[in-house]
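Position chain B relative to chain A; hints supplied.
Read top to bottom, the protein sequences are chains A and B. Using this note's numbering, read the first sequence as starting at 1 and increasing by one per residue. Using this note's numbering, read the second sequence as starting at 1 and increasing by one per residue.
Hints are computed from structural coordinates only; laboratory data are not their basis. Just so you know, not all the hints are guaranteed correct.
[Unchecked claim] Covered stretches of chain B, as calculated for chain A (at least 3 residues, CB under 8 Å):
#1 88-99
#2 157-169
#3 204-216
[As the list claims (entries may be wrong)] A short, non-exhaustive set of chain A residues, derived as facing chain B with CB atoms under 8 Å:
#4 V20
#5 S21
#6 L65
#7 L69
#8 I82
#9 D102
#10 W129
#11 L130
#12 D132
#13 H133
#14 K169
#15 G182
#16 F213
#17 P231
#18 F255
#19 I262
All figures in this text were calculated on a predicted structure; none of them were measured in a lab. Every residue gets a Cβ at the ideal spot worked out from N, C-alpha and C, and that includes glycine.
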Amino acid sequence: MTKIRTIHEPLWVKILLFFVSGIFLSVFIVLPLVTIFREALKSGISLYLQTFTDPGVAAAIRLSLLTVLICVPINTFFGVFIAWLITKYEFPGKKILTTVIDLPFSISPVIAGLLFIFMFGSFGWFGTWLMDHDIRIVFAVPGIVLATLFVSFPFVARELTPLMRELGKDDEEAALTLGASGFQIFWKVTLPNIKWGLLYGIILTNARALGEFGAVSVVSGFIRGVTTTMPLYIDILYGEYMFRSAFALASLMTFLALVTIIAKAVLEYYIAAQRKSMEVEIQS
Amino acid sequence: MKMKNGRGKIPGFGLSLGLSLSYLSFLILIPISALVIYAAKISPAEYFNIILDERVIAAFKVSFFSAIAAALLNFVFGFIIAWILARHNFFGKKIVDACIDLPFAIPTAVAGISLAMVFSLNGFMGKFLSLFNISLEYSRAGIVIAIVFIGLPFVVRTVQPVIEELDNGVEEAAASLGANYFQIFFKVVFPSVLPALITGAAMAFARGLGEYGSVIFISSNMPYESEIVPLLIIKKLMQFDYAGASAIGATMLVIAFIMLFITNFLQNYMIKERSS
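For reference, chain A alone in the conformation it holds in the complex (with noise of 0.2 Å):
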């Protein structure tokens, strides 16, 4: 069905709202863009490879990787599970749950990070306990990924709550009745539905904990080659005024982000027909 619009407005408002929208656009997307990368390059493709082999930065990758590896493969798998206790089951607390869900989202990331300070920090909760058995987890690799774990955390529960609302348990309660054991029904009935959106989700899990800043750099302690992931490492390189080199690091982000938005663009169409396709049998 194909709408008729009937009421455009005036032209030369037309021209106005695109050239006040142009005009904050390329301000605030396309020259930061446009600065990162020919900040770059500025003296040349070959000084720009050469960031990639200081120590520090390869540091920086491999310690990202290693955090993106352990936090998106945990929060997906939790993510998972309570998007399907909310959608397939009543109980009662369910939007106290809903809410502590959304709580990484509104909390400041800073204050994110500081809560596992006070309780891993030498004066918090287990400060004691862990001085006296040797183990450091802020200011060490485990409190960068307790951090990250912490803000990336609501987003594959959040993108899969709405869709999995939608498909119902129709499904799921007919496998049932065919006598299929609850693993069976999750593997082969709710997450072929699932699967545009669960990704969806991983994506922006992904985005999220490889990117993020305020928290982790709250419990990093900023060791060199130690616990400083790439954003941490931008900061550092910012820092001591070596522009070209903090450039490049965050190209190699900016790359990574706008195959994100791509990825996400294209899964929300996939996402979009999906749902099209339910309404369709629904009518039907």
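Chain B alone, transformed into the frame defined by chain A:
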């Protein structure tokens, strides 16, 4: 036909509940209580002593007013961009639409250094503004710029679907009754978009209050002048002032809870409006 009682039907309730609650407690609830309990040990007198300190109040003012200013700017520009994306077709629309999500996808530190460069005296905008004798370096405007960037997608992505779903019939009816474009816009269209616009701006404001990464690179971070609350917390931590950090942190936590409550309320109101 549909069974209302879902529990006990599909297997796995106990397992999902147990796993979910354990993970949420471990990752979110216990860490939050660690901060809250530490802060609760501070006596009320000491708490007010920390919070009412001139530097702390100045930081709260900077954070608050920057976030308000940025939310208002996003209210206006976010609406215009959402309007164009929802109502007009043009060459490259898909690319522009995808780019709105860039602030979500790009790390805040990267956004911070590039905005700082763009607005520095050597940068494109810095040079342009210096023609008018405006310098944003070392001014509070830099903080607002960073928060505007971070908050833009919240407004656009909240408002855009609402404009798309607007019922053209009402506009057409108003037009057939002889209303001109501006009457239709301000009496019919804008009031139905306003709840979404306020919701988006509130989300952008909440995000702006806690923003750290993008701000610290563009701001001069001067105490009393341009120091935001999250930065002050980090400075307190570095000086081993844990009581100070926990008191300010707990205050920020309470503000975050209030903002979460407000945005949840607004979102529920929006959903009700749209479904009616």
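To see whether the hints hold, each was checked on the structure:
1. Evaluation of the coverage hint for the region 88-99 of chain B: fulfilled, as 7 residues show C-beta separations to chain A shorter than 8 Å, against a requirement of three.
2. With a threshold of 8 Å between beta carbons, the proposed coverage of the region 157-169 of chain B by chain A is violated, since 1 of its residues qualify and at least three are required.
3. With a cut-off of 8 Å between beta carbons, the region 204-216 of chain B has 6 residues touching chain A; three or more are needed, and the interface restraint holds.
4. Taking 8 Å as the C-beta contact cut-off toward chain B, the hint placing A:V20 at the interface holds, the least distance being around 6 Å.
5. Given the 8 Å rule on beta carbons, the hint for A:S21 holds: about 5 Å separates it from the nearest Cβ of chain B.
6. Restraint check, A:L65 versus chain B: the minimum CB separation of about 14 Å is more than 8 Å; hint violated.
7. About 18 Å separates the beta-carbon of A:L69 from the nearest beta-carbon of chain B, more than 8 Å, and the hint is not met.
8. The beta carbon of A:I82 comes within 5 Å of a beta carbon in chain B, closer than 8 Å, and the hint placing it at the interface holds.
9. Checking A:D102 against chain B by beta carbon gives a least distance of about 6 Å; that is within 8 Å, so the hint holds.
10. A cut of 8 Å between beta carbons decides the hint on A:W129: the least distance to chain B is about 14 Å, and the hint is violated.
11. With its C-beta approaching chain B no nearer than about 13 Å, A:L130 sits outside the 8 Å limit, and its interface hint is violated.
12. At its closest, the beta carbon of A:D132 sits 18 Å from a beta carbon of chain B; the interface hint therefore is violated under the 8 Å criterion.
13. Among the interface hints, the one on A:H133 is violated; its C-beta lies about 19 Å from the nearest C-beta in chain B, farther than the 8 Å criterion.
14. The interface hint given for A:K169 is met, as the beta carbon of that residue sits about 6 Å from the closest beta carbon of chain B, less than 8 Å.
15. The beta carbon of A:G182 is positioned within 8 Å of a beta carbon in chain B (closest approach about 4 Å), and the interface hint is therefore held.
16. For the restraint placing A:F213 at the interface with chain B, the shortest Cβ-Cβ distance is roughly 4 Å, inside the 8 Å limit, so the hint holds.
17. For A:P231, the interface hint holds, since its Cβ comes within 8 Å of a Cβ in chain B; the closest pair sits about 4 Å apart.
18. The beta carbon of A:F255 comes no nearer than 10 Å to any beta carbon in chain B, farther than 8 Å, and the hint placing it at the interface is violated.
19. Annotation: interface hint on A:I262 holds; nearest CB of chain B at approximately 7 Å, less than 8 Å.
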